[in-house]
Amino acid sequence: MSDPLRQWMKEEGVWQLDLYNMLSNMDIVTKEDLRKLPEKRFNEVVKEAKTTGFMHAAELRAIYKNEPISKKEASPVQKSKTPKENKSEVTKNLKRVGGGGGALPTYLQSPKKKKDANKVDIREDEKEANNRDMMKRWMEKHQIWQKSLYDVFVKYNVSTPKDLVKMDESSFNDLLRDAKQNGLMGEKIDRLIGVRKNKSLEEIEASLEQKNKRYNDEKTKRTEHRTIETARANLKPWLEEHEIWQKSLLDVFVEFDCYSVNDFKALDEDTFEQFMVKTKHVGLMGNKPQTLRDLYLGKSSNNNQNKNNNASHNKNKPLTPHAETTKSAPKKSREEELSEVRGQLEPWMRKKGFWQKDLFEALFDKNVRRPSDLKNLSREDITELLHTCKLKGFIGKGPVTLEETWKQQTQK
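Per my numbering, residue 2 is the first one in the sequence shown, and the count goes up by one each step.
Just so you know, these hints were derived from the structure itself, not from any lab.
Fair warning: there could be bad hints in the mix.
Dumping the calculated DSBU-like pairs for lysine-lysine here, alpha-carbon to alpha-carbon at most 30 Å [what the hints assert, rightly or not]:
1) LYS48 <-> LYS11
2) LYS353 <-> LYS248
3) LYS11 <-> LYS66
Per label pair, the in silico range of CB-to-CB distance [unchecked claim]:
4) GLN144 <-> GLU68: 44 to 54 Å
5) PRO348 <-> SER208: 51 to 61 Å
6) LYS41 <-> LYS11: 26 to 36 Å
7) LYS163 <-> ASP191: 15 to 25 Å
8) ALA207 <-> LEU177: 18 to 28 Å
9) TRP139 <-> ASN174: 17 to 27 Å
10) THR228 <-> GLU341: 33 to 43 Å
11) GLU203 <-> VAL283: 37 to 47 Å
12) MET186 <-> ASN26: 17 to 27 Å
13) LYS167 <-> SER208: 13 to 23 Å
14) THR402 <-> LYS200: 45 to 55 Å
15) PHE365 <-> PRO238: 11 to 21 Å
Every residue gets a Cβ at the ideal spot worked out from N, C-alpha and C, and that includes glycine.
Given these sequences and hints, build the entire structure.
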């Protein structure tokens, strides 16, 4: 299959492999394509070609400007010495003087035949094929073989591994950018960078293994963080209700895969005993271990029992006049309770930047009577409140601040 670019470059005497590769990468096939280049870009191509040993810049410029290629003419002195019209006569005289023997002077000898262009093309094609096979074996060895990457190497005149190592940082960054645009991804990018730094295969593998380990560790940490947040949202209100909340206890719940109250109560007896041993190690003291055991067994905690006992004791105790007055006092209306609670919540909500009457009433309905009660709300409650804000047209930073305040309180 003929190659028009190669053909006219050889015919015009401007053939060079590096220049050919440059023009090919610019999608230049014919002379007309070359002439369409802006002059500034053409000058850059010539300059870059000269750095690779190109010696026919004048001829290439003549093709670009569509001018005839000028050939050097012989000086007048040279013309007087060897006029073509007197060549045969001089030859006869020399033969007459020398008796017909001996070699003619060099300038009278017949010009030597030029080398066969086809043979030169074949040798260059073979050289390119051998170089490609060598680079392919080397790239496969380092697990970076990719046809598009090899084409990028050709574009940047990287014909041997040493060429890649010797590249300056700016050129390598350009090469890497083109390689990524041509589909180089994942570990191949890291391996290419390692080869560029002249690292051995063992060093590259060790570096990749370390990078993968860091990624897996970070992924594990992110997963653990999500599971801890889930456990905190489900267990903290329950543990606070029974007055046994502490951060280290939450870590024990997570260690035993207990992310909810039901998970905790589903533990078998042997696992629960191991759980209790662990709680001692994290500093659970006083009545808290017994309270936790009662909760596991389904019994009421001591605090609740005391409350019930006090309630039953007070029930049988004769009422004092003050108690009778308190008991017979009328129940406050919703408006009165709202007014009373608003005195505590409104200044705090305005200071935090999420005051709105509808939101205040929604918090009131969620049994939030003072600022510290916000931490008792679940994620579902907060989501519902944010939805209420949206329906009531409450926009800006208010809803975001509400959610952030809730997170701060639940993380304490």
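Taking the hints in turn, this is what the structure says about them:
For the proposed pair LYS48 and LYS11, the alpha carbon gap of about 20 Å is at most 30 Å, so the pair holds. This hinted pair checks out: LYS353 and LYS248 have alpha carbons roughly 26 Å apart, not beyond 30 Å. Proposed proximity of LYS11 and LYS66 is supported: the alpha carbons are some 18 Å apart, at most 30 Å. The hint said 44 to 54 Å for the Cβ distance between GLN144 and GLU68, and at roughly 51 Å that hint holds.
Restraint check, PRO348 to SER208: a C-beta distance of roughly 58 Å satisfies the suggested window 51 to 61 Å. Remark: the range hint 26 to 36 Å for LYS41 to LYS11 is upheld by a beta-carbon distance near 27 Å. Between LYS163 and ASP191 the CB atoms are about 21 Å apart, so this pair conforms to the stated range of 15 to 25 Å. Taking 18 to 28 Å as the suggested C-beta distance range, the pair ALA207 and LEU177 conforms, at roughly 22 Å.
The hinted window of 17 to 27 Å between TRP139 and ASN174 holds, with their beta carbons roughly 22 Å apart. In this structure, THR228 and GLU341 meet the distance hint of 33 to 43 Å, their C-beta atoms being roughly 41 Å apart. Under the hint 37 to 47 Å, the C-beta atoms of GLU203 and VAL283, about 44 Å apart, fit the expected range. At roughly 22 Å, the beta-carbon separation of MET186 and ASN26 lies within the given 17 to 27 Å, and the hint holds.
A C-beta distance of roughly 22 Å is found between LYS167 and SER208, which places it inside the suggested range of 13 to 23 Å. Hint check: THR402 to LYS200, Cβ distance near 50 Å, so the stated range 45 to 55 Å holds. For PHE365 paired with PRO238, a C-beta distance near 18 Å keeps the hint of 11 to 21 Å intact.
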